[in-house]
Amino acid sequence: AQKVTQAQTEISVVEKEDVTLDCVYETRDTTYYLFWYKQPPSGELVFLIRRNSFDEQNEISGRYSWNFQKSTSSFNFTITASQVVDSAVYFCALSEYNFNKFYFGSGTKLNVKP
Amino acid sequence: DSGVTQTPKHLITATGQRVTLRCSPRSGDLSVYWYQQSLDQGLQFLIHYYNGEERAKGNILERFSAQQFPDLHSELNLSSLELGDSALYFCASGGDGNSGANVLTFGAGSRLTVL
Numbered sequence: 001a002q003k004v005t006q007a008q009t010e011i012s013v014v015e016k017e018d019v020t021l022d023c024v025y026e027t028r029d030t031t032y033y034l035f036w037y038k039q040p041p042s043g044e045l046v047f048l049i050r051r052n053s054f055d056e057q058n059e060i061s062g063r064y065s066w067n068f069q070k071s072t073s074s075f076n077f078t079i080t081a082s083q084v085v086d087s088a089v090y091f092c093a094l095s096e097y098n099f100n101k102f103y104f105g106s107g108t109k110l111n112v113k114p
Numbered sequence: 115d116s117g118v119t120q121t122p123k124h125l126i127t128a129t130g131q132r133v134t135l136r137c138s139p140r141s142g143d144l145s146v147y148w149y150q151q152s153l154d155q156g157l158q159f160l161i162h163y164y165n166g167e168e169r170a171k172g173n174i175l176e177r178f179s180a181q182q183f184p185d186l187h188s189e190l191n192l193s194s195l196e197l198g199d200s201a202l203y204f205c206a207s208g209g210d211g212n213s214g215a216n217v218l219t220f221g222a223g224s225r226l227t228v229l
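As they're listed, the protein sequences go chains A and B.
Every letter in the first sequence is one number past the one before it in the numbering used here, and letter 11, counting from 1, is 11.
Each number in the numbering used here comes from the position in the second sequence (counting from 1) with 114 added on.
For reference, chain B alone in the conformation it holds in the complex (with noise of 0.2 Å):
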């Protein structure tokens, strides 16, 4: 187990449907990164953040979303959703990076199916 929890794991919707994915970080990590890994494919950086502000975005679609809660709890939003978005999407999370000890460490992911 690596502390980072993910939920839920698996999940099979509709075109067009919104969906939330939530991530806890490990604890005492501040940092949550989110990427999207499709079939074959390797791993899309969508958004980073830190103690609850976005720091970094990637090629994240518009219909996406996320935030980071003062928990350090985050969640991401992807809405009217297409085929295209079926993927993996993992959260990570990673200690205070001003240490120089920054490391990512991942979840399990979360399955999405969009039929």
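So that you can see chain A by itself, here it is in the shape it has in the complex (with noise of 0.2 Å):
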């Protein structure tokens, strides 16, 4: 069965900190998709990112970057010099094969102080 396990209930940084968010995930299926969303104090699920499983490669968009481990059945998400704008809850999620059901993460709290 497909599981996405977030073990980071909530982390608290100070403003410029790196942090990295653990997203481990459980398939048997050898084409999947892995996702990271953004919930905002606004409420609103923002995609930031999609990786297939034959694609391990890393990923870096701002200061944003994207860890992804077969070996480990890992895909972190590090944020670099955070700022308090990227305060929210951050879910990982993991797609079957034909997008039929998308498994989300318990999420990830990240308070960014100044």
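Mixed in with the good hints there might be a few duds.
[Stated by the list, open to error] What follows is a list of derived Cβ distance ranges for each label pair:
id	chain 1	residue 1	chain 2	residue 2	range
1	A	114	B	130	42 to 52 Å
2	A	63	B	115	21 to 31 Å
3	A	58	B	128	44 to 54 Å
4	A	17	B	183	46 to 56 Å
5	B	115	A	30	35 to 45 Å
[To be verified] Per the computed footprint, the stretches of chain A lying under chain B, defined by three or more beta-carbons under 8 Å from a beta-carbon of chain B, are:
id	region
6	40-48
7	53-67
These are calculated hints, taken from the structure and not from any lab test.
Glycine included, C-beta positions come from ideal geometry on N, C-alpha and C.
Hints in hand, dock the two standalone chains.
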């Protein structure tokens, strides 16, 4: 069965610190997709990144970077030089190969203090 | 604006009542997914429709039902409401999964309060 675990319930950092949000997944599929979403205090979920299971290249987008490691079934998210606007709940998600279901982790609440 | 429209934004009702939540997907998207987010909880998958057909079910209660209409909008019906049904209900739309490009685009959610 598919499962996504985000063990960090809440993280607090001071502005400009780097922070890594952990995501561990379980699946028996060989083809699957991984995602990160951001839910700011306004409540709407915003898509950040999608990765397929055949692409283990790390990705960087500005201050955001993602580390996908199939060997450890992890898809971690790092924010470099965090800012107050990064304060939000971040969700990691896993989709089956056919996109019939998306499984979300329980989320990590990030508090960035000035 | 994500392009996914959910109505109503807020709804307050009493136990035992029935409500209908509506979702219009982003233009061109064929899939609609419903999720429930209770206080301090993650996103619980309820159901997925693709082009009018049910594709997958999650832990959706028997008191809940959904459908997707020919114009692709979807409705989630919640009946015999209980206090524990109070939650934020999200609708998300997705494109054609066969193209391998599916990404969920979420609406702003419908906040249901059952008193």
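So, going through the hints one by one against the coordinates:
1. For the pair residue 114 of chain A and residue 130 of chain B, the supplied restraint of 42 to 52 Å holds, since their beta-carbon distance comes to about 47 Å.
2. With their beta carbons about 25 Å apart, residue 63 of chain A and residue 115 of chain B fall inside the hinted range of 21 to 31 Å.
3. A hinted range of 44 to 54 Å holds for the C-beta pair residue 58 of chain A and residue 128 of chain B, which are about 51 Å apart.
4. At about 48 Å, the CB distance of residue 17 of chain A to residue 183 of chain B agrees with the hint of 46 to 56 Å.
5. In this structure, residue 115 of chain B and residue 30 of chain A meet the distance hint of 35 to 45 Å, their C-beta atoms being roughly 37 Å apart.
6. With 5 residues carrying a beta carbon less than 8 Å from a beta carbon of chain B, the region 40-48 of chain A meets the three-residue requirement, and the given coverage holds.
7. A stretch counts as covered by a chain when three or more of its residues have a beta carbon under 8 Å from one of that chain; for the region 53-67 of chain A and chain B the count is 0, and the coverage is violated.
Consistency note: the structure conflicts with earlier hint 7 alone.
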